[in-house]
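Participant: Chains V and G, in that order, give the protein sequences. For the record, in the first sequence the residue sitting at position 9 is 9 according to the numbering used here, with numbers rising by one throughout. For the record, in the second sequence the residue sitting at position 97 is 97 according to the numbering used here, with numbers rising by one throughout.
For the record, the hints were derived by calculation from the structure and aren't laboratory data. Certain hints may be false.
Derived lysine-lysine pairs resembling DSS-like cross-links, with alpha carbons at most 30 Å apart [to be verified]:
1) 78/V x 62/V
2) 62/V x 68/G
3) 78/V x 11/V
4) 11/V x 68/G
5) 16/V x 62/V
6) 1/G x 71/V
7) 98/G x 71/V
8) 62/V x 11/V
9) 11/V x 71/V
10) 68/G x 15/V
11) 68/G x 1/G
12) 42/G x 98/G
13) 42/G x 1/G
14) 15/V x 62/V
15) 1/G x 62/V
16) 98/G x 78/V
17) 15/V x 78/V
18) 16/V x 42/G
19) 16/V x 78/V
20) 42/G x 62/V
21) 1/G x 98/G
22) 11/V x 98/G
23) 98/G x 68/G
24) 78/V x 68/G
25) 42/G x 15/V
If you're wondering where the values come from, they're calculated on a predicted model, not measured in any experiment.
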Amino acid sequence: EAGVVQSPRYKIIEKKQPVAFWCNPISGHNTLYWYRQNLGQGPELLIRYENEEAVDDSQLPKDRFSAERLKGVDSTLKIQPAELGDSAVYLCASRLDYLDTQYFGPGTRLTVL
Amino acid sequence: KQEVTQIPAALSVPEGENLVLNCSFTDSAIYNLQWFRQDPGKGLTSLLLIQSSQREQTSGRLNASLDKSSGRSTLYIAASQPGDSATYLCAVRVNTDKLIFGTGTRLQVFP
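With the rest of the complex left out, here is chain V:
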């Protein structure tokens, strides 16, 4: 069974440019998460989806970040415009049901110059 797929794996952009990350969760997993992990820190939740509904986006900086999960499967996280402080690893995770653990993708490492 394929795990959580993320692309791209690495992205280098200049500040003020837009950037988008894509996530394909494990098949059948209705819950999807986006996390940001700064260097030397643990991941922090940005947004959680139940199917196509964003049920927890309290940590998402809405002035520049947006996310969508069309048809309750794939998800895209966008930053526009990017700032230097956005450099981090962006992790996607999915979960089958409430008692299950979260399964993480390999992440996208973003560097903003």
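Put chain G on the given structure of chain V with help from the hints.
Facilitator: This is chain G only, laid out in the frame that chain V set:
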């Protein structure tokens, strides 16, 4: 506000040693606690999950304990191997469905 702390931040040991990683959390109202492993450039892999009603979980050479009342968990690794080298993250699950992570312990096991 729930805060999770991990000690030590880094650890270097020779192969074969038994070792203990520590995790503490400030609010005992947790749903469960998990230990994850993170290899460089890769995502997180769940190692052990302890429900709030449980005291410990074991998987192979790994044993994790949970003391909710004192806000502590330990991950015990027996007979460490170079392949155990990674960052180990502790996370508590709170209220509906949110994981709060510690900053991790970076482990290096040398031959």
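Participant: Which of the listed hints are broken here?
Facilitator: 2, 4, 6, 10 and 24
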